[in-house]
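Chemist: Please model the entire structure based on the sequences and the hints provided.
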Amino acid sequence: MTSWPLYEVFVRGKRCLNHVHVGSLHAADDEMALHNARDLYTRRNEGVSIWVVRASNITASSPDEKDPFFAPSGDKVYRHPTFYDIPDDVPHM
Amino acid sequence: MSFDNAYEALTEDNDARWAFGTGFADPLAGMDTTVPSTVDATSLAEYCLHLGDDALIMSHRLQDWCTAAPELEDEVALANIGLDLLGQARLLLSRAARADPSLVPPVPQSEEDALAFFRDAHEFRNVRLVELAGDFAFAMAQLLVFSTWRLALFTALVSTEDKVLAAIAAKGVKELAYHRDYAAQWVVRLGDGTPYSQERMQAGLDAVWPYVDELFEDSAHVRAEFDSVVAEVCEAATLRVPVVVMAPREHTEHLPAILAEMQSVAREHPDATC
Numbered sequence: 001m002t003s004w005p006l007y008e009v010f011v012r013g014k015r016c017l018n019h020v021h022v023g024s025l026h027a028a029d030d031e032m033a034l035h036n037a038r039d040l041y042t043r044r045n046e047g048v049s050i051w052v053v054r055a056s057n058i059t060a061s062s063p064d065e066k067d068p069f070f071a072p073s074g075d076k077v078y079r080h081p082t083f084y085d086i087p088d089d090v091p092h093m
Numbered sequence: 094m095s096f097d098n099a100y101e102a103l104t105e106d107n108d109a110r111w112a113f114g115t116g117f118a119d120p121l122a123g124m125d126t127t128v129p130s131t132v133d134a135t136s137l138a139e140y141c142l143h144l145g146d147d148a149l150i151m152s153h154r155l156q157d158w159c160t161a162a163p164e165l166e167d168e169v170a171l172a173n174i175g176l177d178l179l180g181q182a183r184l185l186l187s188r189a190a191r192a193d194p195s196l197v198p199p200v201p202q203s204e205e206d207a208l209a210f211f212r213d214a215h216e217f218r219n220v221r222l223v224e225l226a227g228d229f230a231f232a233m234a235q236l237l238v239f240s241t242w243r244l245a246l247f248t249a250l251v252s253t254e255d256k257v258l259a260a261i262a263a264k265g266v267k268e269l270a271y272h273r274d275y276a277a278q279w280v281v282r283l284g285d286g287t288p289y290s291q292e293r294m295q296a297g298l299d300a301v302w303p304y305v306d307e308l309f310e311d312s313a314h315v316r317a318e319f320d321s322v323v324a325e326v327c328e329a330a331t332l333r334v335p336v337v338v339m340a341p342r343e344h345t346e347h348l349p350a351i352l353a354e355m356q357s358v359a360r361e362h363p364d365a366t367c
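Residue numbers (the numbering used here), protein chains in the order written: chain R, 1 to 93; chain P, 94 to 367.
Possibly wrong hints are sitting among the right ones.
Unchecked claim - Each pair of labels, with its calculated beta carbon distance range:
| hint | chain 1 | residue 1 | chain 2 | residue 2 | range |
| --- | --- | --- | --- | --- | --- |
| 1 | P | Ser321 | R | Val53 | 28 to 38 Å |
| 2 | P | Ala270 | R | Val53 | 25 to 35 Å |
| 3 | R | Asn45 | P | Ser130 | 31 to 41 Å |
| 4 | R | His19 | P | Ala296 | 40 to 50 Å |
| 5 | R | Ser24 | P | Tyr289 | 24 to 34 Å |
| 6 | P | Asp311 | R | Leu6 | 39 to 49 Å |
| 7 | P | Ala270 | R | Leu17 | 41 to 51 Å |
| 8 | R | Asn45 | P | Met124 | 20 to 30 Å |
| 9 | P | Asp228 | R | His21 | 31 to 41 Å |
| 10 | R | Gly74 | P | Asp119 | 53 to 63 Å |
| 11 | R | His19 | P | Glu325 | 29 to 39 Å |
| 12 | P | Tyr289 | R | Gly74 | 50 to 60 Å |
| 13 | R | Asn45 | P | Val334 | 29 to 39 Å |
Said to hold, decoys possible - Straight-line alpha carbon distances no greater than 20 Å define the calculated SDA-like cross-link-like pairs of lysine to any residue that follow:
| hint | chain 1 | residue 1 | chain 2 | residue 2 |
| --- | --- | --- | --- | --- |
| 14 | P | Lys267 | R | Lys66 |
| 15 | P | Lys267 | R | Arg43 |
| 16 | P | Lys264 | R | Arg44 |
| 17 | P | Lys264 | R | Arg38 |
| 18 | P | Lys264 | R | Arg43 |
| 19 | P | Lys267 | R | Ser49 |
| 20 | P | Lys267 | R | Arg44 |
| 21 | R | Lys14 | P | Pro198 |
| 22 | P | Lys264 | R | Thr42 |
| 23 | P | Lys267 | R | Leu34 |
| 24 | P | Lys267 | R | Glu8 |
| 25 | P | Lys267 | R | Arg38 |
| 26 | P | Lys264 | R | Val48 |
| 27 | P | Lys267 | R | Val48 |
| 28 | P | Lys267 | R | His80 |
| 29 | P | Lys267 | R | Thr42 |
To be verified - Pulled from the structure, derived: some chain P residues nowhere near chain R, Cβ distances all over 12 Å:
| hint | residue |
| --- | --- |
| 30 | Leu179 |
| 31 | Pro288 |
| 32 | Met339 |
What the hints contain is simulated information worked out from the structure, not anything from laboratory work.
Even for Gly, the Cβ is constructed at its ideal location relative to N, Cα and C.
Modeler: Shown next as structure tokens:
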């Protein structure tokens, strides 16, 4: 039996604003992937929303390119918005 | 928020998952289990026992697929469904015991354990459909029939007079809707698949069908809904709805074997705790 394609699973929890990568699974198609994700990754009542995506559809940065990709931002502390106070009533910051 | 892993963030402060207690000692804890004066306690208890035994034996059948399903993902899915049904069995056996304590075997166990582990095959009230075992296509046909019937039944029971049974039904409806969806998806996938998968799926459906009429002996009011759902699934799956006569009435030869496995530890070590 040829194995089913790999899917990556993203779940949004009740109190979270964004979907978080939680793992992967195998499924024959998108619909089965969604069902399998429900069964594998929300058994403990973690989620209110699930995204699945074929792993082959994800374009990822390569570890070889790590330095040119990420090192140039390492010394630019002024890009962090740490020089002003955030009012208490501004949520999700 | 800082968490060691993504899961912690998702589950943080999420007490709903323990809605049914952490001790698991009494599934009906906190509920008023007085039988309404307009309800016959003996009939209620027997009905709950019947529904509870269906769930208990079907749950056991589904557990057989752990380590045996075609894919790991489906093993987990089938185990989840089995656990949902085990939960229904616990609530229903406890409800039966509270409504009519004379049903419970006189052993020093909790009511639900006494009913599950200390009755013999002839005392089980389950429909024979749930005792049967077969290949994966058979299991999906069995689950489709079982969950379609039970979902229709529970939907009607949500407005029943006994508030405890109504609450158990209301909880079960959401679970059964998923079970039916899961089974229907596989029936359509296999039926409308290759000629070989269609042949196997039709054979599974044909093997289940002699056990369908029994389901409606006490629940003729949901037959029409059952027929229409099954017809819809079969049409999408390019399968024939079988026409066959009912199988013989007795428990199948499977039940004593299921019970021997399920009950052996509890009977050998009656004082054991989990």
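Chemist: Does each hint hold? Answer for all of them.
Modeler: How the hints compare with the structure:
Checked against the given bound of 28 to 38 Å, the beta carbons of serine 321/P and valine 53/R, roughly 36 Å apart, stay inside it. A beta carbon spacing of about 26 Å between alanine 270/P and valine 53/R agrees with the range 25 to 35 Å that was offered as a hint. Between asparagine 45/R and serine 130/P the Cβ separation comes to about 38 Å, which falls inside the hinted range of 31 to 41 Å. In this structure the hint that histidine 19/R and alanine 296/P lie 40 to 50 Å apart at CB holds, the actual value being about 41 Å.
A hinted range of 24 to 34 Å for the beta carbons of serine 24/R and tyrosine 289/P is consistent with their spacing of about 29 Å. Judged by the Cβ atoms, the range 39 to 49 Å given for aspartate 311/P and leucine 6/R holds: they are separated by roughly 47 Å. Roughly 28 Å separates the CB atoms of alanine 270/P and leucine 17/R, a value that falls outside the hinted 41 to 51 Å. Between asparagine 45/R and methionine 124/P the beta carbons are some 21 Å apart, a value that agrees with the proposed interval 20 to 30 Å.
Distance hint for aspartate 228/P and histidine 21/R: a CB-CB separation of about 36 Å, consistent with the stated range 31 to 41 Å. The beta-carbon spacing between glycine 74/R and aspartate 119/P, approximately 58 Å, falls within the hinted interval of 53 to 63 Å. In this structure the supplied range 29 to 39 Å holds for histidine 19/R paired with glutamate 325/P, their Cβ-Cβ distance being about 33 Å. Roughly 58 Å separates the CB atoms of tyrosine 289/P and glycine 74/R, a value that falls within the hinted 50 to 60 Å.
Against the hinted window of 29 to 39 Å, the Cβ-Cβ separation of asparagine 45/R and valine 334/P comes to about 37 Å, which satisfies the hint. For a cut-off of 20 Å, the pair hint linking lysine 267/P to lysine 66/R is broken: about 47 Å separates their Cα positions. Of the pairs offered as hints, the one joining lysine 267/P and arginine 43/R holds, with about 14 Å between alpha carbons and a cut-off of 20 Å not exceeded. Taking the CA atoms of lysine 264/P and arginine 44/R, the gap is near 16 Å; set against the 20 Å cutoff, the hint holds.
Taken as a hint, the lysine 264/P and arginine 38/R pair is honoured in the structure, with Cα atoms around 18 Å apart against an allowance of 20 Å. For a cut-off of 20 Å, the pair hint linking lysine 264/P to arginine 43/R stands: about 16 Å separates their Cα positions. Restraint check for lysine 267/P and serine 49/R: the C-alpha separation of about 17 Å stays at or below 20 Å, so the hint holds. Note on lysine 267/P and arginine 44/R: the hinted pairing holds, with a Cα-Cα distance of about 16 Å set against a maximum of 20 Å.
The suggested pairing of lysine 14/R with proline 198/P is violated, with an alpha-carbon distance near 44 Å, which exceeds 20 Å. Of the supplied pair hints, the one linking lysine 264/P and threonine 42/R holds, its CA atoms being roughly 18 Å apart against a limit of 20 Å. With a C-alpha separation of about 18 Å, the suggested pairing of lysine 267/P with leucine 34/R holds against the 20 Å cut-off. Annotation: proposed proximity of lysine 267/P to glutamate 8/R is violated, straight-line Cα distance about 26 Å (limit 20 Å).
Only pairs whose Cα atoms come within 20 Å are accepted, and lysine 267/P paired with arginine 38/R is accepted, the gap being roughly 14 Å. Taking the CA atoms of lysine 264/P and valine 48/R, the gap is near 18 Å; set against the 20 Å cutoff, the hint holds. Between lysine 267/P and valine 48/R, the direct Cα distance comes to roughly 15 Å. Compliance with the 20 Å bound is thereby established for this hinted pair. For a cut-off of 20 Å, the pair hint linking lysine 267/P to histidine 80/R is broken: about 47 Å separates their Cα positions.
Simply put, lysine 267/P and threonine 42/R have alpha-carbon atoms about 15 Å apart, close enough for the 20 Å limit, and the pair holds. With 12 Å as the threshold on Cβ separation, the claim that leucine 179/P sits away from chain R holds: the shortest Cβ distance comes to roughly 14 Å. Non-interface status of proline 288/P relative to chain R is upheld: no Cβ of that chain comes within 12 Å, the nearest being about 17 Å off. Interface exclusion of methionine 339/P from chain R stands, the closest Cβ pair being 33 Å apart, more than 12 Å.
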